[in-house]
Amino acid sequence: MTLQLAPPPRHASPRRARPSRRAGRFDLRGMPYLLVSPYFLLFAVFGVFPLLYTLWLSLHDAELAGKREFAGLANYAELIADAEFWNAVFNTVGMFVLATVPQIIMALVLANALNKRLRGRLLLRLGVLLPMVTSVVAVAVVFSQLYSRDYGLFNWILGFAGIEPIAWQNEKWSAWIAIATMVDWRWTGYNAIILLAAMQTIPKDLYEAAAIDGASARRQFWQITLPMLRPTIVFVVFISTIGGLTLFTEPVMFEGEQMMTGGTTGQYQTVAMFIVEAAFRGGFEIGYASAAAWLLFVLILFGTMINYWFTRRIGGAR
Amino acid sequence: MTNHKRFAVTGVLVTALAAMTAACGGGEAPAPSADASTPAEPVTINVHTFGGGENFGYDEAVKKWNAEHPNIQVKYSNLTDRFEDVYLPQLLQRLQAGSGAGDIVGIDEGAMGLMAARPQFFTDLGEYGLQDRKADFPAAKWETGVNAEGKLFALGTDIGGMTMCYRKDLFEKAGLPTDREEVAKLWPTWDAYLEAGKKFSAADTGAKWMDGPNTIYNVILSQEAPKNGNVSYFDKENNLVLETNPAVKTSFDWVQKFSQQGLTAKLQAFTPPWNKAIKGGDFATMGCPSWMLGVISGAAGEENKGNWDVAAVPGGTGNWGGSWLAVPKQTKHPKEAAEVLNYLTGKDGHIAAFKEAGAFPSSIPAQQDPEVAGLKNEYFNDVPTGEIFSASVKDLQPVFLGEKHAQVKTSVEKVLEGMDQGAVGYDEAWTKFVEAGVKAAG
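Protein chains in written order, with the working numbering: chain A, 1 to 318; chain B, 1 to 442.
The following block holds chain A by itself, in its conformation from the complex (with noise of 0.2 Å):
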């Protein structure tokens, strides 16, 4: 859209440059909400209508392409007591523990080394970044044939300790480490250079006061470092807990076909799939779905109000 609202010439005559006054009034207050009114119209289409319509979903009995009955409350009633829901929660609970506690301590780790002078530093700092680069699919591909039963790589190393093979999707356990790696190698490193931006914001001042009155390495870290870094680490939490928690590539691509059981007694069955298995997989039950899409929503606002309660305390929070 061109604009041909240019502000007036000087020297014509006020009569005619009303209108034009008026648009450069449009210019300046109009104008600003329609160049964001593109996000927001996306926004309305792909964010707001399926959030409502979801709900509006979830309180009907409907099937994909069949009956749709209004029933209330029904869903979520049903879903609360349905035995596999609990235990997709649990497994996504189970697994994001599982993933991201290694993963900040480890990202945190690595950004205190980082933040070092070391030789190489760019290229170091660089390194710890790329798998971001790859695509989640590809890394969840590859770890998928790494834990193969039978010609995996990882059950070949464990062969030589004269460990047995492993079915890395037949237990809970087993099905969880596998996925957790998958996850803590991908976003690992991504923490850490957030962390790492924000370690380098801390004034040096501190440390130099710090080691004049002869505080260890080990000390400024705790006593300086980790408080001055705590809104980056609250950020980190929240950003693994809304990942954590809606957590589903990986562990649809460990399953290989792709039913979204999450193995044959739903072993590492997330509440991702689990929405998209009673939506589009077995039942075509759309309706209860949605009950559990909402669930989801409440289950990560909770997730993340405790992790900020949680977060807040580190470091001697006052």
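Quick caveat, the hints were computed from the structure, so don't treat them as lab data. No experiment lies behind these values; they were computed from the predicted model shown. Hints should not be assumed to be uniformly reliable.
Cut-off 30 Å, straight-line C-alpha distance, at most; resulting in silico cross-link-like pairs (DSSO-like, lysine-lysine) [said to hold, decoys possible]: (1) A:K67 to B:K347; (2) B:K249 to A:K172; (3) B:K185 to A:K67; (4) A:K172 to B:K276; (5) B:K305 to B:K185; (6) B:K198 to B:K249; (7) A:K67 to B:K439; (8) B:K151 to A:K67; (9) B:K173 to B:K151; (10) B:K151 to B:K134; (11) B:K432 to A:K172; (12) A:K67 to B:K173; (13) B:K151 to B:K335; (14) B:K198 to B:K257; (15) B:K75 to A:K172; (16) B:K332 to B:K347; (17) B:K134 to B:K173; (18) B:K276 to B:K305; (19) A:K67 to B:K276; (20) B:K75 to B:K347; (21) B:K168 to B:K75; (22) B:K257 to A:K172; (23) B:K134 to B:K376; (24) B:K173 to B:K279.
Given chain A, put chain B in place with the hints provided.
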């Protein structure tokens, strides 16, 4: 002026949105005509199918039709190689939306119950004279294409039939006969198959007797269902009979026995490790409907040519798999679509598909054609597939598949895999199996 400007912008957006919607809707006004073969304006009939490799094998058949019918041009697209998790959900969404589905759509056996329970989405093919085709099909294939309202909505394409594939080189290593006639004599019954399996295991070739639980489970279920009123998970009133149907229990028991004897390679069918095992010779036998031959030759590759062979299956005839074609109600050209469907499911269409994709025809005239009956499969040591599969589908019975057959099938087969791999104990497997089925049936 401010307002004008605003309106203009809104106008542009509205127009753009309308254009997008129209584009999504697609399609032109119907061309009314008296004679379907020569519609007033040329129409395009979209045929949508699924499947890996050569899938439905309609390239040649469509070329021939298009050359002969300038006014009805067929556009054939194979949408994906995955049915349950890609094609079916997409088709259901398009049926629901009222647009986007093909004028003719392929449907796999597993979803026929689901589609039969949704007559509102499909054209009654009887209105276009296809009721006359009944004599061309085995009763089993025909009945499945009749929906809940008793209307004909789909006609059959290929059919599974049943044989047993085996690794010749592994049989030789284990000291078992390798000739397909002798192999068939080795296992007239499933008991004999089990005994042969024990013998094979004792020879310690490093390979297992069979792939995993579910291929054999489907083979046995397809043989047992006709002995028990032609039903598997659901009776003809769509009640779940999973727990009481002896066909299901018998099949389950056999699989449990094979698994407990350690005869399975604990593999999940149709996954990458399973494909690798077919290639690497990690197991010696596998149940083989006609379409499975293509799966094996594809997975095992050229270097294994001649290693796999085909023998008669223990326990007699059965059918696993096969597809149908239907015309969704949303089509603008039901008459022309029905005409194309009639051609593709007719003798010529079946034979063309068989030559191209190896899909064994369900059409009886096509089965009797010398081109089909005399066919041999080079990859499997020139096994006379035409003869073997014709024999295996001769007395086929129509097995009723309930509306939620696919869902129940997926769920209970997961339990079998869990049992085979050790995640579900043998003593609790049947209870879990029934539970999973009941839950999936809703």
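Exercise. Holds or violated: K172 of chain A with K276 of chain B, Cα cutoff 30 Å?
Worked result: holds (25 Å)
Problem set entry | Proposed proximity, K249 of chain B with K198 of chain B (alpha carbon, max 30 Å) | holds (23 Å)
Problem set entry | Satisfaction of hint between K305 of chain B and K276 of chain B, Cα-Cα up to 30 Å | holds (15 Å)
For this session: Take the C-alpha atoms of K67 of chain A and K173 of chain B, compute the straight-line distance between them, and say whether it is at most 30 Å.
Result: Roughly 57 Å separates the two Cα atoms, so the pair is violated.
Problem set entry | Satisfaction of hint between K257 of chain B and K198 of chain B, Cα-Cα up to 30 Å | holds (12 Å)
For this session: Would you check the hint for K257 of chain B and K172 of chain A, treating anything up to 30 Å between C-alpha atoms as holding?
Result: Holds: K257 of chain B and K172 of chain A sit about 26 Å apart, inside 30 Å.
Exercise. Are the Cα atoms of K67 of chain A and K276 of chain B separated by 30 Å or less?
Worked result: With Cα atoms ~42 Å apart, K67 of chain A and K276 of chain B exceed 30 Å; violated.
Exercise. Would the pair K134 of chain B and K173 of chain B pass a check requiring their Cα atoms to be no farther apart than 30 Å?
Worked result: Judged against 30 Å, a Cα distance of about 49 Å means the pair is violated.
Problem set entry | 30 Å Cα cutoff - pair K67 of chain A, K439 of chain B | holds (19 Å)
Exercise. Taking only the CA atoms, is the gap from K151 of chain B to K335 of chain B under or equal to 30 Å?
Worked result: Between K151 of chain B and K335 of chain B the Cα gap is close to 16 Å, so the pair holds against 30 Å.
Problem set entry | Pairwise hint evaluation, K75 of chain B against K168 of chain B, where the allowed Cα distance is 30 Å at most | violated (42 Å)
Exercise. Quick one, are K332 of chain B and K347 of chain B close enough, alpha carbons at most 30 Å?
Worked result: Roughly 26 Å separates the two Cα atoms, so the pair holds.
Consistency note: the structure conflicts with the earlier hints numbered 1, 3, 9, 12, 15, 17, 19, 21.
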